[in-house]
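Given chain R, work out where chain F should sit, using these hints.
From first to last, the protein sequence lines are chains R and F.
For the first sequence, our numbering gives the first residue as 9, with consecutive numbering after it.
For the second sequence, our numbering gives the first residue as 9, with consecutive numbering after it.
The hints are simulated quantities; they were obtained by calculation from the structure and are not laboratory data.
Wrong hints could be hidden among the right ones.
One copy or any two copies: either way a pair holds, since identical chains are not told apart in the list.
Heads up, simulated PhoX-like pairs for lysine-lysine below, C-alpha to C-alpha not over 20 Å straight-line [unchecked claim]:
(1) LYS389 / LYS73
(2) LYS350 / LYS88
(3) LYS329 / LYS88
(4) LYS17 / LYS81
(5) LYS329 / LYS73
Note that the coordinates shown come from a computational prediction; the quantities given were computed from them, not determined experimentally.
2 protein chains.
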Amino acid sequence: MKLIADDLKGDILKRVSSIQRYMKEDGMDALLIAGNANIYYTTSRFFRGYVYIPAEGSPIWFVVKPVGFEEEKDVVYIHKPENIPAELERLGLRMPSNIGFEYDSLLYSDVVRLQAVFPSATPKNGSHPIKKARMVKTPWELDRMKEDGIHQSEAYRRVTHCYREDMTDVEFQIEIERILRLEGNLGFIRTSGNLMEINMGSVIAGDNADVPSPYDFSMGGAGVDPALPGGANGTTMKPGETVMVDMSGSFNGYQTDMTRVWRIGEIPEKAYKAHECSRSILRACEKMGRPGVRVADLYDKAIAIAKAEGFDQYFMGHRQKAPFIGHGIGIELNELPVVTAKSRDVLEEGMTIALEPKFVIPSVGAVGVENTYVVTAEGLKPLTVFPEEIQEL
Amino acid sequence: MKLIADDLKGDILKRVSSIQRYMKEDGMDALLIAGNANIYYTTSRFFRGYVYIPAEGSPIWFVVKPVGFEEEKDVVYIHKPENIPAELERLGLRMPSNIGFEYDSLLYSDVVRLQAVFPSATPKNGSHPIKKARMVKTPWELDRMKEDGIHQSEAYRRVTHCYREDMTDVEFQIEIERILRLEGNLGFIRTSGNLMEINMGSVIAGDNADVPSPYDFSMGGAGVDPALPGGANGTTMKPGETVMVDMSGSFNGYQTDMTRVWRIGEIPEKAYKAHECSRSILRACEKMGRPGVRVADLYDKAIAIAKAEGFDQYFMGHRQKAPFIGHGIGIELNELPVVTAKSRDVLEEGMTIALEPKFVIPSVGAVGVENTYVVTAEGLKPLTVFPEEIQEL
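One chain only, chain R, in its complex shape:
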């Protein structure tokens, strides 16, 4: 259920205030946003242009295109970023003595151009306060992610019906994509940085799970073409193998991340046990995951459980291991915090993280569960509610 427009406006104010709080910590005078995800975060709209956030007071939207924002408050149409200083002056705003730019989400040439627009201001890393703010979701954002979880589960309910005997993993994935799209999935996964390229998600059957990834995904897979080496590789799904389904939960500007495992015929006992180990890790993290807990402690706990149960050689990959067991998620698939041994982040109420303790069992396939959670005073609460057991196709 969408909140009404006024609630959304109030929600956006919360996000901007949060950014301004972190700007203050960094001694930042102003912030000029141009990245797609951050424009959406600070406006819940989408345009090509810039959002100028002063240390105090309302942001100004400098819109290049499209037409159609003329009636909005605090909107100024410009042709190019070089027009911004004159417009600030016209609005009676003082020039910032320093200004932040999105070092971690804009191209080098774009940041250099923007820095030249404010030649007398000291440039700063503006990605920092925005990333920190975006870690903790507002009520409106959490509502969107709850919607995502419901739609994603609704689509996963029909995954079994997508299967026909002797199908390839790609054919299976295509039918799941169709069901997700008919459920309202946008068909596009917004990611941060250059380290992820993916279509609508990943379906990995059998030993393809053991093909290492060049990307920062938890699992690999060869893909069907060397140009996009990830996920399904076009082989026929066989009895005795698992099929891991980790498909997109992007149904609005936000998303959930959920992985479930199906099997074809009988699979070895070891695969079931590793799968149960993944569930034990999730249960332990759900209980531990309260505000104030170090993110790195979740990682260490997961490693300890995998080791205690004798599955550490298969944990987070076999030929190559991913160095994390989860990640923040929201507008982008990969947000802060990253759940690694080295994380310095501490859980806060309203953070959303996907946890994905997974195992690659050679000659069987990948097992394990991924859920997206919100951090609450009582621990991690799942947004992806769907049976976790390995199901038969």
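Relative to chain R, chain F alone:
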């Protein structure tokens, strides 16, 4: 038909030589590549890491991950870019006095980090020589794009079968996506820069064509969610309207771009005439488009024809106009040259460009044809061969 491995190696050498020729023009001593598209271009493989191209001699692949490249020639595994100078020294290569980085495809923070790896070298814009080289395709690259055109046409042949009465534009698009995927489409469109976000393409029915885009696409459309404002918006397709199909031609590391128009029931004569005007523009450009011709001349020709036929108010959009009629295409959807009035590029044999003279007719929809072409001595030769007339659904 894929060339054999040795031919591919020779083809990659051609690409590297072309980059080195442009490096020489820019007085560039070395080039360090890290962007996904450029790693694929210079290796026809994909890994996370860096391709170091000296002004003369063979490139070195510095691979971070995945495992599996150990046996290749000139491959060095590293943990992080800071390891590169020591490895160059170990290989007996002299330190570059200046070095290029991909200013136009890497994040600001990534370029700053790489610049610090070579503190004594003058940093340069390395995007320039690569973009220039990538404009002109090699034989192997052209073969991939020919494959794309064949697959895309094969899928478009089945578009009519995707339609059912009272379908929404999104439902129609989903069935086309499925057919494209079953035909081998990778389901992912690689784009350059931050100005494009898209799923598998665009289906625009009726007046949705007149909703302006924040992105650098030729056409707009509201999309189904403000978070991804482009293309189909979920309305039911109605008699008297056109449906423009501009879906992905990404079947390997390369792609073609092709637009065709369908109609529901009868549409006004004006729409047919504007569609024929688009075809006239393409015929004129095909004839003109020989090596040595200015790209801007193609743009001017298109504008002149649209004006002469009295359709200029609808050309390249109605409420908002796109300032181009085409674009280079290859590994990325948007490559050089951009076919604008301001282009300084000149056509060369082997360049590939998509031309998309389109019209938005209010209360009818979008019309026009898009083809992907290769520049030959005889003019532009289409890679997307498919009937151009408006077809009935």
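Quick rundown of the hints versus the structure:
| no. | hint | verdict |
| --- | --- | --- |
| 1 | LYS389 / LYS73 | neither (40 Å within a copy, 34 Å between copies) |
| 2 | LYS350 / LYS88 | between (41 Å within a copy, 16 Å between copies) |
| 3 | LYS329 / LYS88 | between (45 Å within a copy, 17 Å between copies) |
| 4 | LYS17 / LYS81 | within (11 Å within a copy, 58 Å between copies) |
| 5 | LYS329 / LYS73 | between (44 Å within a copy, 11 Å between copies) |
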